[in-house]
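Peer 1: Here is what each chain is made of, one letter per residue.
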Amino acid sequence: MNRIVIVWVVCVLAMVLIVGRAGIGVMPSIGVKNITENATEENGEALIKADFTLVGAGGKTVRASDLKGKYLLVYFGFTHCPDVCPTSLLVMNNVLSHLGKNADKVQPLFITVDPERDTPAIASKYAQNFGKNFMGLSGTPAQIKHAAEGFKVYYSKVNDSTSALGYGVDHSSFIYLMGPDGKYLAHFPSTDPEQEMIAGLRDYIR
Amino acid sequence: MRGCVTIFAKYLSVVVLLAAGAALACDCFEFRNTTAVIASPTMGSGYLSLVSEKDDVLQSLSSDCCDAVELHKTTMDNGIMRMRKLESLPIKAGVPIEILGEKSKGDALHLMLIGLHKNYKPGEKITINFTFAKEKAHKAIFKVVKRGAAPPADDGMAGIQHHGH
Chain B
991 MNRIVIVWVV CVLAMVLIVG RAGIGVMPSI GVKNITENAT EENGEALIKA
1041 DFTLVGAGGK TVRASDLKGK YLLVYFGFTH CPDVCPTSLL VMNNVLSHLG
1091 KNADKVQPLF ITVDPERDTP AIASKYAQNF GKNFMGLSGT PAQIKHAAEG
1141 FKVYYSKVND STSALGYGVD HSSFIYLMGP DGKYLAHFPS TDPEQEMIAG
1191 LRDYIR
Chain W
26 MRGCVTIFAK YLSVVVLLAA GAALACDCFE FRNTTAVIAS PTMGSGYLSL
76 VSEKDDVLQS LSSDCCDAVE LHKTTMDNGI MRMRKLESLP IKAGVPIEIL
126 GEKSKGDALH LMLIGLHKNY KPGEKITINF TFAKEKAHKA IFKVVKRGAA
176 PPADDGMAGI QHHGH
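Here the protein sequences come in this chain order: B and W. Under this note's numbering, think of the first position of the first sequence as 991, with each following residue one higher. Under this note's numbering, think of the first position of the second sequence as 26, with each following residue one higher.
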């Protein structure tokens, strides 16, 4: 009887381990921060990657590879988010203004998680409110999904028939720093104090 | 005929009393540092601290500036932002409710201005109607400011507005 119990416990533990391990790859929604902290573990290969084909101002296709050579500062949000998203983009602009000439090496990106409402024109115009060189990107739902998966960004449409908005979008609120080679360098919770972010960026952007 | 006059007088006195009642409705709300920020061509947010002299419940909001005004709460959990509409907000007598978005000490509340009717610029004013369970309708004026502008006390509708009717 005891042996059966032990076998069961071992089986359950093994399942938990397997599922937990697999979860890193397929479930970006859970424990975002932990995942990103483990991002460079596997063979030095970063799990977070800038891998996207999206649409920017004037309907122009923008691929991650088009932006190589620049550091990327990336935030995922949506324009019907009036508080957290604009505050995060404002923080990005403030932080960049402390980098002096090094700010020219950085391309700030806003990627919408609400492609239904945020057309490329809306996303791009919105982003430019926060800085002239801010790029706002949208795309098809499939393109957005692919981009978000690259950054391990969680987002989920939440219907609310009682709200005039109709729906909102829950989403990870991190600011990602990617290197000129497109590889992951760091991420910051959007609520981090600006000084910490400035210090963090100065470590990487020289 | 005399009966008619009496009835008319009674009717008139009721009307006068009602009108007086409306005009003398409680001066029991303070709308502090009311500011609005425009987030996109169709969307904005409103911020304030609200104090009531009595226990009450904020039940609904409206404004001519936009299609709808709602009270929203955002939470951050493990880096994930969630925004939800609140149907109502209980208010305790004398305890300020901070509706200051990310700057709030407690729950991050903001008023959401949905479907703006025009492109509001900093310096313009927006009137928002508040409906409470007990004290009914009150108005407050919100000054449009730039996001990240000086603190509302300097740049908003500074100080305290006692209810407007």
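One or more hints might be untrue.
DSSO-like, lysine-lysine: derived pairs with alpha carbons at most 30 Å apart [claimed, not checked]:
{"id": "1", "chain 1": "W", "residue 1": "K117", "chain 2": "W", "residue 2": "K164"}
{"id": "2", "chain 1": "W", "residue 1": "K159", "chain 2": "W", "residue 2": "K171"}
{"id": "3", "chain 1": "B", "residue 1": "K1115", "chain 2": "W", "residue 2": "K146"}
{"id": "4", "chain 1": "B", "residue 1": "K1095", "chain 2": "B", "residue 2": "K1115"}
{"id": "5", "chain 1": "W", "residue 1": "K110", "chain 2": "B", "residue 2": "K1135"}
{"id": "6", "chain 1": "W", "residue 1": "K171", "chain 2": "B", "residue 2": "K1147"}
Which chain W residues stay away from chain B? Per the calculated CB distances, all over 10 Å, these [to be verified]:
{"id": "7", "residue": "P66"}
{"id": "8", "residue": "E95"}
{"id": "9", "residue": "H97"}
{"id": "10", "residue": "R107"}
{"id": "11", "residue": "A118"}
{"id": "12", "residue": "V120"}
{"id": "13", "residue": "I122"}
{"id": "14", "residue": "H142"}
{"id": "15", "residue": "P147"}
{"id": "16", "residue": "K168"}
{"id": "17", "residue": "R172"}
Worth flagging that the hints you see were computed from the coordinates, not collected in a lab. Just so it is clear, CB atoms sit at the ideal spot from N, CA and C, and this is done for glycine as well.
Peer 1: Give a verdict on every hint.
Peer 2: Now the hints, each set against the structure:
Annotation: proposed proximity of W/K117 to W/K164 holds, straight-line Cα distance about 19 Å (limit 30 Å). Distance check on the hinted pair: W/K159 and W/K171 sit about 34 Å apart at the alpha-carbon level, beyond 30 Å; violated. Under the criterion of a C-alpha separation no larger than 30 Å, the hint pairing B/K1115 with W/K146 is consistent with the structure, at around 16 Å. At most 30 Å may separate the alpha-carbon atoms for a hinted pair to count; B/K1095 and B/K1115 meet this at roughly 22 Å.
Proximity of W/K110 to B/K1135 is assessed by CA-CA distance (about 26 Å); at most 30 Å being required, the pair is judged to hold. With a CA separation close to 29 Å, the supplied pair W/K171 and B/K1147 stays within the 30 Å bound. For W/P66, the non-interface assignment is contradicted: its Cβ lies about 8 Å from the closest Cβ of chain B, within the 10 Å cut-off. A Cβ of chain B approaches the Cβ of W/E95 within 10 Å, the least distance being about 6 Å, so the stated non-interface status is violated.
Interface exclusion of W/H97 from chain B breaks down, the closest Cβ pair being 8 Å apart, not more than 10 Å. Consistency note on W/R107: stated as away from chain B, yet its beta-carbon is not over 10 Å from all of that chain's, at 5 Å minimum. Non-interface call for W/A118 relative to chain B: holds, since the shortest CB-CB distance, roughly 28 Å, exceeds 10 Å. Distance check on W/V120: its Cβ is at least 22 Å (rounded) from any Cβ of chain B, clearing the 10 Å threshold; non-interface status holds.
Against chain B, the non-interface label of W/I122 holds: every CB pair exceeds 10 Å, the least being about 16 Å. Non-interface status of W/H142 relative to chain B is upheld: no Cβ of that chain comes within 10 Å, the nearest being about 13 Å off. No Cβ of chain B comes within 10 Å of the Cβ of W/P147; the nearest lies about 13 Å off, and the non-interface call holds. The Cβ of W/K168 lies farther than 10 Å from every Cβ of chain B, with a closest approach of about 17 Å, so its non-interface assignment holds.
Listed as outside the interface, W/R172 is inconsistent with that label: its C-beta sits roughly 6 Å from the nearest C-beta of chain B, within the 10 Å cut-off.
In summary, the numbered hints that this structure violates are 2, 7, 8, 9, 10 and 17.
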